[in-house]
Each structure stands twice: as C-alpha cells, then as structure tokens.
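**Student:** Start from the sequences, fold in the hints, and give me the full structure.
Protein chains in written order, with our numbering: chain A, 1 to 308; chain B, 1 to 308; chain C, 1 to 308; chain D, 1 to 308.
No false leads were mixed into what you were given.
Same chains, same names: a pair is fine if it fits in one copy or spans any two.
Below, a list of computed lysine-lysine pairs in the DSS-like style, where the Cα atoms sit at most 25 Å apart:
#, residue 1, residue 2
1, LYS264, LYS250
2, LYS179, LYS10
3, LYS10, LYS177
By construction, these hints were calculated from the structure, which means they are not laboratory data.
4 protein chains.
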Amino acid sequence: MTHAKDDRSKATHQQTYLDDFLYVVDPNDDVVFVSGIRMHQIGCVNSHWLIVILTIRLSVHDKDFAIVGAIPANADGITYIYGRQSSDIRSMEAGSIDAGNVEFVSQEVMIVPSRWVYTNHLIFMDAEYEFTPPMVEHFTPYHRYSFICKTGVSDVLIGTTSQISDLNGVVKLSHIKDKLVEMTNLNETIWGSSLGLASAYEGREMKSDVQMNDSIEAYVCKQNVTQFPYEIASLAQDLEGELSVTMPSKLELEHSDVGPLIRKFLVGHDDANVNRIKALQLIKDMTLGVNAVGYLTESMHGARDTEP
Amino acid sequence: MTHAKDDRSKATHQQTYLDDFLYVVDPNDDVVFVSGIRMHQIGCVNSHWLIVILTIRLSVHDKDFAIVGAIPANADGITYIYGRQSSDIRSMEAGSIDAGNVEFVSQEVMIVPSRWVYTNHLIFMDAEYEFTPPMVEHFTPYHRYSFICKTGVSDVLIGTTSQISDLNGVVKLSHIKDKLVEMTNLNETIWGSSLGLASAYEGREMKSDVQMNDSIEAYVCKQNVTQFPYEIASLAQDLEGELSVTMPSKLELEHSDVGPLIRKFLVGHDDANVNRIKALQLIKDMTLGVNAVGYLTESMHGARDTEP
Amino acid sequence: MTHAKDDRSKATHQQTYLDDFLYVVDPNDDVVFVSGIRMHQIGCVNSHWLIVILTIRLSVHDKDFAIVGAIPANADGITYIYGRQSSDIRSMEAGSIDAGNVEFVSQEVMIVPSRWVYTNHLIFMDAEYEFTPPMVEHFTPYHRYSFICKTGVSDVLIGTTSQISDLNGVVKLSHIKDKLVEMTNLNETIWGSSLGLASAYEGREMKSDVQMNDSIEAYVCKQNVTQFPYEIASLAQDLEGELSVTMPSKLELEHSDVGPLIRKFLVGHDDANVNRIKALQLIKDMTLGVNAVGYLTESMHGARDTEP
Amino acid sequence: MTHAKDDRSKATHQQTYLDDFLYVVDPNDDVVFVSGIRMHQIGCVNSHWLIVILTIRLSVHDKDFAIVGAIPANADGITYIYGRQSSDIRSMEAGSIDAGNVEFVSQEVMIVPSRWVYTNHLIFMDAEYEFTPPMVEHFTPYHRYSFICKTGVSDVLIGTTSQISDLNGVVKLSHIKDKLVEMTNLNETIWGSSLGLASAYEGREMKSDVQMNDSIEAYVCKQNVTQFPYEIASLAQDLEGELSVTMPSKLELEHSDVGPLIRKFLVGHDDANVNRIKALQLIKDMTLGVNAVGYLTESMHGARDTEP
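**Tutor:** Encoded structure:
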C-alpha cells in the first residue's frame with residue numbers, strides 16, 4: 001500500500017535510503033526497472049496483479065519516485081516478507097478450536113522487488129510528479145469509502161457478543177442491551193456515513209465519466225472507522241465477561257481429567273458448552289488475536305495511509 | 001478471584017451445578033471440606049497462600065456457600081487450569097525478540113479443588129451469610145483502588161509510544177504531541193482518582209483500627225480503569241504507525257537474504273533499528289499480545305469482579 | 001408533539017388527570033369533541049394546521065385516547081401557552097446587537113383545547129388502539145430522519161467559530177484546526193447517517209406506495225443528533241475564547257465613555273470590531289441563548305419524543 | 001484575570017494597542033502609574049483588593065508590561081465594565097420563580113484603569129520579565145487546582161436532576177440510574193484528580209516554605225474540568241425531559257385562566273408542582289441561563305487562562 005515512511009520529517013529524496021520508496025533505476029525503450037519497497041500490503045499474496053500507486057505528494061526534487069504502474073504478482077524477482085500477526089502460530093493448529101477464524105483472516109506483507117520491471121503499456125505515471133496531488137486526492141475518497149467493509153466484520157462481532165450475553169443469561173438486562181445497541185449504533189454510523197449511503201450517494205461524474213464519491217463523507221468514514229471498531233471491540237470484551245482471555249486451550253479441553261471439569265463449569269445457562277467456547281474464541285480472535293490485526297489496527301491505519 | 005457465574009440470571013443455590021461455587025461438602029471437627037471452582041485468579045500459581053473470599057451477596061438459601069478461608073497454594077488435591085493467552089506460544093521462544101515481555105507477564109487460572117480442606121483456625125466465615133453484604137462492600141473499595149497498578153503499566157506504554165514517535169521523526173508535530181498528552185491525561189486521571197491521591201486520602205479509620213479507603217473514589221477509579229487503558233492502547237497503535245502488526249518475525253530478521261533488507265528499511269530517523277523493533281514489539285505485546293490480557297481485559301473485569 | 005407524560009411509571013389511563021392526553025369527551029355524528037393537552041410543539045403558532053398524532057403504544061384500556069386527526073391552528077377554543085426561552089427578553093430589543101438571531105428562532109408551546117372539535121373527514125384514527133404500534137413505528141423513522149435539519153444549524157455555528165478563530169489570529173494553529181475539523185466531522189456524521197444519504201437511500205416502497213426510509217439509519221441519526229450538537233457547541237465555546245459570555249451589552253457599546261474603550265480592546269487582529277462582536281453574539285445565542293433551545297435541547301428530546 | 005489577547009499570533013509589544021495589556025506609563029519615586037485593561041475577572045466587584053498578575057511569558061521586548069502588584073478594588077479611576085450574561089434581565093425579577101438562582105450567581109467584568117496607581121510597597125514584579133515563566137508555572141497549578149470548586153456546583157445540578165427524575169416517575173429505571181451514575185462519576189473524577197486528593201497530596205514544600213501542589217495532577221484537573229461539566233449539563237438536560245426550555249413563565253403561572261391549567265398538567269407523579277417547576281428552573285439556569293456562564297464557559301476558559 002505505502003512506502004516505508006522511514007523518517008517522516010524528511011522529503012522523499014532526503015531519506016537515508018532511496019529504497020524506502022520505489023524509484024526508477026533504469027528506464028529502457030520498452031521497460032522500466034525500479035527498485036525499493038512497499039509496506040503493509042493487505043491481501044497481495046492472493047492477488048493476480050500489483051498496482052503500485054503513490055500515496056504522497058511529490059515535488060520536482062522527488063521526480064524519480066513518480067512512477068506508477070502494474071505488474072503481475074508472480075513476476076520474477078519480487079520478495080514478499082510476510083508479517084507476523086498476533087497469535088499466528090495457533091492458526092496453524094488445523095481443525096482445532098484454538099485455531100480461530102483462520103479461513104477468513106487477512107495478511108499483510110512487505111514487498112521488495114530486486115529489480116521491478118514495468119512494461120511500458122502498464123505504466124500510468126512516469127515522472128509527472130505534478131499529478132501526484134490530484135492522484136492522492138482522487139484515490140483517497142475511494143480508499144476511505146472502501147472501509148465500509150469493516151462494518152461486516154463488526155456485524156460478526158456484535159452477533160457473537162449478543163450470543164455470548166445470551167449464553168451468560170444476561171441478555172435481557174437493560175445495561176447489557178444498552179451496550180449491544182451502542183455497538184450497533186457505532187457500526188451503523190460508519191455504514192451510514194460511508195457506503196452509497198452518503199459518500200456514494202453524493203458522488204459526481206467526472207469529465208472522464210468516472211464516478212467520484214464525495215470526499216467529505218469519505219473523510220468522515222475514515223475518522224469514524226479509525227475509532228469505532230476499537231470501541232466496539234472494547235464493548236465486546238466488556239460483555240463476554242473475561243473468559244475469552246482466561247479460557248483453557250484445546251489440550252485441556254481434550255484432557256481426560258481436566259476436560260470434563262471445564263465443560264462442566266463453562267456450561268452457561270444451557271448445555272451449549274461448545275457454542276460458548278466457540279463464541280469466546282471468536283471474540284478473542286477479533287479483539288486480541290489474528291483477526292484483530294485486520295479489524296482494529298488496519299482500520300486505524302489503512303483508512304488513512306493516504307493523507308490528501 | 002470469583003466464581004464461575006454460569007447463569008447470571010439465577011441465584012447461587014439455583015445454578016445447574018453446585019460446583020460453580022465453592023460449597024461445604026463435609027464439615028468436621030477440625031476441618032471443613034469444600035468442593036467447587038474459582039475462576040480468573042491472577043498470579044495465584046506464584047503465591048504462597050490462597051485466600052478465598054466471596055464476591056456476591058448471599059441469602060439464607062445460599063448458606064452452604066458462605067465459606068471463606070485460607071489454604072496453602074500447594075495443598076494436595078488442587079487442580080490449576082492455566083488460561084491460554086493471546087500470542088502465548090511465542091512467549092516460549094526464549095531470548096528471541098519475538099518472545100515479548102515474558103518476564104513481566106501475568107497469568108490467570110481456574111482453580112478446581114477435588115476436596116479443599118480448610119483447617120478451622122483458617123476459616124474466616126462459616127455460614128454467616130448475613131455478613132456477605134458488608135464483606136463485599138469492604139472488599140470492593142480495596143480491590144478497585146488497587147487498580148492504580150495499571151497506571152505503571154500505562155507509563156511503560158506511553159513511554160514506548162513516545163520513543164517510537166521519536167524514531168519515526170514525528171514527535172514534534174502538534175497532533176502527535178496532543179495524543180501523547182491525551183494518553184498521559186487519561187493515565188493520570190486514573191492515578192489521581194485512585195491512590196492516596198483521593199480514595200486513600202479520603203479514607204477513614206474503622207472501629208477495628210483498619211483504614212478503609214473511600215468507596216466513591218474507588219468506584220471512580222474502577223469506572224476509569226475499565227475504559228482508559230483501552231483508549232491509551234488505541235492511541236499507542238495510532239502513533240506507532242501499523243508496523244507493530246505487519247512486522248516480520250525474528251526468523252526473517254535473522255535470514256541471510258531477507259534480514260538485511262528489513263534492517264535497512266525499518267531504520268527510522270537514525271540507525272536505531274533494534275530499538276525500533278523492540279519498541280514496536282512491546283507495543284504489540286501490550287495492545288494485542290500476551291501483556292494485553294493483563295493490561296486491558298483484566299482492567300475491564302478485574303476492576304469490577306465484585307459489584308456491591 | 002407529545003403528551004404531558006406526567007408520571008411515566010403509569011399507563012395512559014392510569015394518570016392522575018385524563019387531560020395529560022387528548023381524549024374523546026363526546027363523539028357526535030359529524031364531529032368528535034376532545035379535551036387534554038399537547039406539549040413542546042415546535043413552530044405550531046406559525047402553522048396553518050395541527051395534525052395531532054400519538055407517540056406511544058396504547059392498549060385496550062387506553063382506547064379513549066386513540067384519537068388522531070387534523071384541525072385548523074386558529075380554531076376556536078385552543079389556548080397556546082408560549083414557553084419561556086433562555087435570554088428571551090432581549091429578543092425584543094429590536095435592531096439591537098444584543099437581540100440575537102431573532103429572525104430565525106424557533107418557539108415551543110403547550111396546546112390546551114377547551115373543547116377540541118374534529119370533523120369526521122379529518123379524523124385518521126378513532127379508537128383503533130391496535131394500530132398505535134405501527135403508527136409509532138412508521139412515524140418515528142420520518143421524524144428522526146428530519147433531524148438532518150440540525151446539520152444546517154451546525155454549519156452556521158461552525159462557520160462562525162471559524163471566523164472568530166480567524167479574528168483571534170489563531171485559525172492556522174494545528175490544535176485550532178483539529179477542533180474545527182472535529183466539529184465538521186461530527187456534523188457530517190449526522191448528515192451522512194441521516195439524509196438520503198443512508199436512511200433515505202436505504203428506504204423502501206410500502207404497499208401504499210409511500211416511501212418509507214430505513215429505520216435503523218434513522219435511529220442512528222437520532223442517537224448522533226442527541227449528542228453531537230452538544231459537542232459542537234462545547235467546541236464553539238472553547239474556540240471563541242470566553243468573550244461571548246463576558247462581553248458587554250449594546251448599552252456599554254453605545255456609551256460615550258465606555259463604548260470607545262470596548263471597541264478599542266476587542267479589536268481582534270484587524271479592525272473588524274463589529275464582525276467580531278456579531279460573531280460572538282451568534283455563538284452565545286446558539287450555545288446558551290434563545291437559539292440554543294432549538295439547536296441543543298430540542299435536538300436531544302425532539303429526536304426521541306417517540307420511542308418505538 | 002487576563003489581558004485582552006487581541007491578536008494571539010503576535011507578541012505583547014507587537015499588539016496594535018498597548019492597552020491590550022497593563023503597562024507602565026510613568027514610574028515615580030513612590031508610585032507607578034499603569035494603563036491598559038484586564039478581562040474576564042470573576043468576582044472582582046465584590047472583592048476588596050485586586051492583585052494583578054501576568055498570565056504569559058514575556059521577553060525582554062515586553063519589559064514594560066512586566067508589572068505585578070495589588071490595588072484596592074475601590075481605588076479612584078478604575079472603570080468596571082460588567083459583562084452581559086445569558087438570561088440576565090430576568091435575574092432582576094426579584095422574588096419571581098423565573099429569576100433563578102440569582103443569590104449565588106457569578107459575574108465577570110472588564111477592568112479599565114484610567115491611570116492605575118501602585119504604591120511601591122505593593123509592587124511584586126517591576127520589569128523583571130525573566131521571572132514571568134516561573135510565575136506562570138507556579139500560578140497555574142494553584143489556579144487549575146482551584147477548579148475543584150466546580151464539583152460543588154455539579155453536586156447541585158446532579159441532585160436537582162435526580163429530583164426531577166423522581167418527580168417524573170422514572171428514577172428507578174436502569175438507564176436513568178446509569179446516567180445519574182455517569183454524572184456522579186464525571187464529577188468525582190474531577191474531585192479525585194484535583195483536591196488533596198491528588199494534586200494537593202502530591203504537593204511539595206518549596207524553599208520559601210510555600211506548599212506547591214503537583215502540576216501534573218493540576219493539569220489533569222484542568223483537562224477534565226474543561227470537558228466534564230459540559231457532559232454533566234448535557235445529561236441533566238437529557239434527564240429533565242425538555243420542559244425546562246418550554247416551560248411557561250411566572251406570568252402564565254399566575255394568570256387566572258392559564259395558571260391552573262399549567263399547574264394541573266405539570267403535576268408529576270405527586271402534587272409537587274412547585275418543586276417540579278423550581279427544579280426545572282434551576283436546571284435551565286445552570287445549563288443555559290445565568291449560572292451556565294460560571295459553570296460551563298468559565299470552567300472551559302478559567303481553567304486554562306494561563307498556559308505554562
């Protein structure tokens with residue numbers, strides 16, 4: 001998604017290492033060789049193409065970095081460095097109740113091309129640094145508005161929290177309902193200020209026939225999506241009752257002596273032991289574990305990787 | 001700390017399993033045998049004694065559960081079931097940069113006595129259910145006030161966040177300073193309304209010569225400590241810049257090809273690579289990893305396990 | 001808008017005085033006579049018609065109160081009791097700088113019919129108490145969604161606050177801009193989750209061909225509009241710098257000795273004395289004065305007079 | 001309390017009018033004549049002495065403004081310009097229910113000396129501009145800590161809100177109690193982080209034997225007192241139910257036809273009409289009227305008139 005942003009008090013061309021950005025090493029007739037790095041790229045290892053854009057304004061001094069283009073994700077010479085996520089090792093415990101929601105987890109990587117080759121017909125910006133401001137300004141509303149996706153993630157968390165409140169026998173209490181309503185309210189506020197539903201509805205057609213969504217509402221979506229998932233996650237931990245973080249693992253659950261004790265004590269208001277433990281596991285995954293990265297931290301930063 | 005609270009819509013004696021609470025199985029002349037369970041006990045596996053109290057009011061119908069006493073932590077017949085924490089496996093990677101702050105991590109366990117034996121001189125309440133309300137009311141202010149300890153944890157997190165902001169070259173920007181100030185303000189508000197510093201200062205001496213701290217201020221401490229660490233953690237993730245959750249592991253750092261790339265790109269505004277990675281690791285531990293359990297979830301629930 | 005809600009712990013027919021609600025005194029062939037009271041009716045003294053609806057569910061016991069109809073606002077026998085608003089007397093100082101934004105102020109009244117006469121063709125519900133739940137459920141989304149209007153009021157307040165920040169010479173400071181942005185963000189969040197723009201966009205056509213807006217988004221609009229105007233108003237007072245509440249009146253401004261002193265000292269960063277005082281006056285009106293009633297308190301309560 | 005702060009982007013000696021600050025016009029052997037202005041001075045018209053301090057750091061260029069001293073409040077040649085407050089005219093309706101809490105209202109004035117005369121033994125700083133930073137740093141913790149006083153004001157508002165909730169028949173509802181608890185929590189947080197109670201408890205003795213309270217906790221007190229009274233006031237308006245701003249005046253209450261209607265309809269859950277109206281009046285005074293200036297706006301600004 002973005003460059004390494006090493007020393008953010010300096011301009012692009014003033015960084016200690018040029019490689020903090022992608023830059024042109026050698027332009028030929030047909031191709032352009034670039035070097036450098038891209039950080040925090042969500043989902044790129046399961047993509048077909050990488051489209052590398054710029055997320056900051058560049059000046060004339062940064063001209064060599066004004067390169068935008070597309071390249072197949074499996075092109076030669078690209079190193080992907082996979083980020084380590086919270087509780088990632090247990091994701092590999094296939095089929096275990098501890099493994100968590102591994103089918104739907106996101107990942108983020110660093111991308112390091114040894115020598116990145118753009119063929120000319122797939123280069124969209126080549127040294128035209130003066131177009132970096134409008135590029136950032138047009139990309140940003142699209143990107144921010146896309147964070148509507150987090151509301152689907154929140155729906156899963158809110159539903160699970162409602163279920164565990166029910167299993168705890170407290171779902172009808174006024175203060176529990178108030179918190180479930182507040183979770184929903186925060187989530188629907190993101191939804192309302194985001195999709196169609198405001199930013200899209202107020203969009204306009206540009207000269208190019210492209211539909212451009214409204215940037216003010218997209219900004220509001222970003223402001224809200226950097227905060228509300230954290231509040232929703234905190235309310236989920238509040239309502240689940242601490243067990244998600246003190247719960248024994250599958251080894252204890254399957255143990256001949258200890259397992260029956262746990263199943264007995266964590267029974268909830270009916271015999272729904274397994275559902276209860278699954279619900280707790282999902283809340284843990286989404287608020288502290290492998291899914292928290294995508295739901296929380298990425299909402300915080302992804303929503304503002306570009307600052308127009 | 002507390003009982004299993006299985007179905008919270010029912011009274012103690014109405015639970016499906018009596019074992020959700022400790023209860024008297026067999027009182028003899030010299031000893032009392034109890035059975036049942038205790039949950040979420042922080043730090044008990046490195047304690048010498050377990051002092052088991054009650055955290056709810058009991059009625060005459062719950063008389064058999066009104067048992068309070070002390071027992072050596074290594075007494076025969078106690079099963080400790082250790083909770084699984086976020087990112088706990090990597091805690092075992094001794095000496096690795098990924099292992100995190102394992103020297104200072106907390107743990108929580110379930111305690112299941114097969115037959116718990118109190119000797120009579122270590123029993124402090126025996127069926128006197130009518131004293132459970134004052135017991136809860138007196139224990140609660142002490143317990144809530146003790147959450148002052150979280151402010152020391154916050155200090156570590158705020159300091160680390162300040163350091164990473166400096167390494168990112170942004171610490172002098174007005175909006176970064178505002179957020180560091182807000183983290184401090186939230187933390188000092190807990191401190192001020194808690195230790196000495198309000199609850200203790202307004203304490204009073206009881207007939208027994210015991211100093212009793214002020215319950216209103218202790219309550220305020222609890223309200224704040226269930227919320228502010230989450231806000232402080234969110235601000236820490238905000239300021240660190242996403243790398244804490246996308247950062248490669250020690251395996252990549254030590255790899256002959258990839259390691260030098262990472263060290264180069266994550267350099268920050270000086271050559272303090274290692275400090276930067278350590279700071280990021282600590283922020284991850286405290287906001288999503290093994291230390292988050294104690295800093296966040298336990299602050300939420302520990303501060304209110306007893307509701308007077 | 002609503003009934004007197006005197007003792008809210010009792011059902012309609014259990015109130016001390018039947019007159020707390022409108023109720024049928026005497027149904028004739030052609031007309032229905034009702035008595036009772038309606039409270040908090042915004043803008044009714046400059047309306048042509050009063051359409052009286054119900055804002056609570058009624059049971060069979062409350063049947064006599066299930067009366068909905070229309071009546072000309074100037075019909076005989078209606079007493080309007082005008083509410084007293086904050087700083088209302090100075091509204092009558094016509095032409096004075098102290099009078100405030102009196103041209104655009106709202107008002108609220110109590111409506112007391114001595115004997116209210118509905119002609120039959122203008123009665124929309126007559127004892128069909130079983131339709132009061134759907135009536136409330138359909139009216140509520142419309143009503144809540146209409147609170148989009150407050151965002152226009154906020155725009156005036158945000159613009160004025162920006163102007164006074166400029167006149168104070170501080171508008172370019174980072175923390176001032178942050179607060180102006182936050183005011184805008186809160187306001188656009190209401191806008192986005194409300195008009196069209198979410199609730200309307202997600203509306204649906206009912207069997208009757210009436211377009212019904214989405215109730216979840218309308219609820220979110222209500223939740224936000226009961227809180228955010230208070231936050232925006234607080235930020236406006238923050239940024240204006242206290243002078244709005246300590247500013248002398250027109251009498252001092254026009255006084256031969258004192259007037260020149262004030263004009264000199266309140267000059268701002270250019271000679272825009274009058275603009276500065278006008279801007280301060282408007283902020284006072286909207287946050288504490290005659291306009292605060294409509295902007296703040298009515299947003300709080302109007303948005304939820306009906307609770308489905 | 002403070003100078004006029006006209007154009008805050010300029011230093012003291014760069015302001016358009018020197019009179020924005022007090023400055024030395026003519027130093028004689030025995031007395032010093034100063035001119036200029038002081039703003040927002042709370043309570044000075046009922047004080048015996050004015051002690052004029054500096055609330056900003058001065059440089060060598062601002063030397064003429066580095067004058068601190070004491071003068072009798074009734075000295076010749078001082079003009080007091082009384083600020084106009086929200087709903088102030090009705091304060092003069094002596095004995096009326098509409099007059100509000102006029103016995104305990106604050107006031108703020110501009111102070112303009114034609115020629116201010118300090119006698120030498122009452123001058124505490126005379127051109128020693130280099131001591132203005134420590135002066136500000138020492139004054140600030142005292143001043144901020146003094147805002148503990150607002151918690152007493154909040155107590156009145158919380159009590160009144162509790163009373164009106166009772167009269168409305170809703171005080172036992174869970175969500176009403178939650179809001180009353182939140183009001184108390186916010187207020188006690190100010191109290192705890194402020195008096196003794198933290199800032200004072202952590203104070204230290206200076207070389208001069210003066211006790212200096214802790215500046216961090218005083219800062220926290222200021223941060224909280226600039227925000228929480230607004231939240232408490234908003235909750236008070238929430239719970240009172242809108243009537244405070246739509247309530248008729250004493251003229252209607254005393255009117256032969258209308259008065260009995262109002263008394264009948266505003267009866268609450270018992271016949272406590274008068275108490276109900278008085279409680280509503282007090283809430284209006286404290287959140288929008290003449291007492292709101294001291295409780296809200298002054299808390300916002302008074303708590304930070306000096307920025308160290």
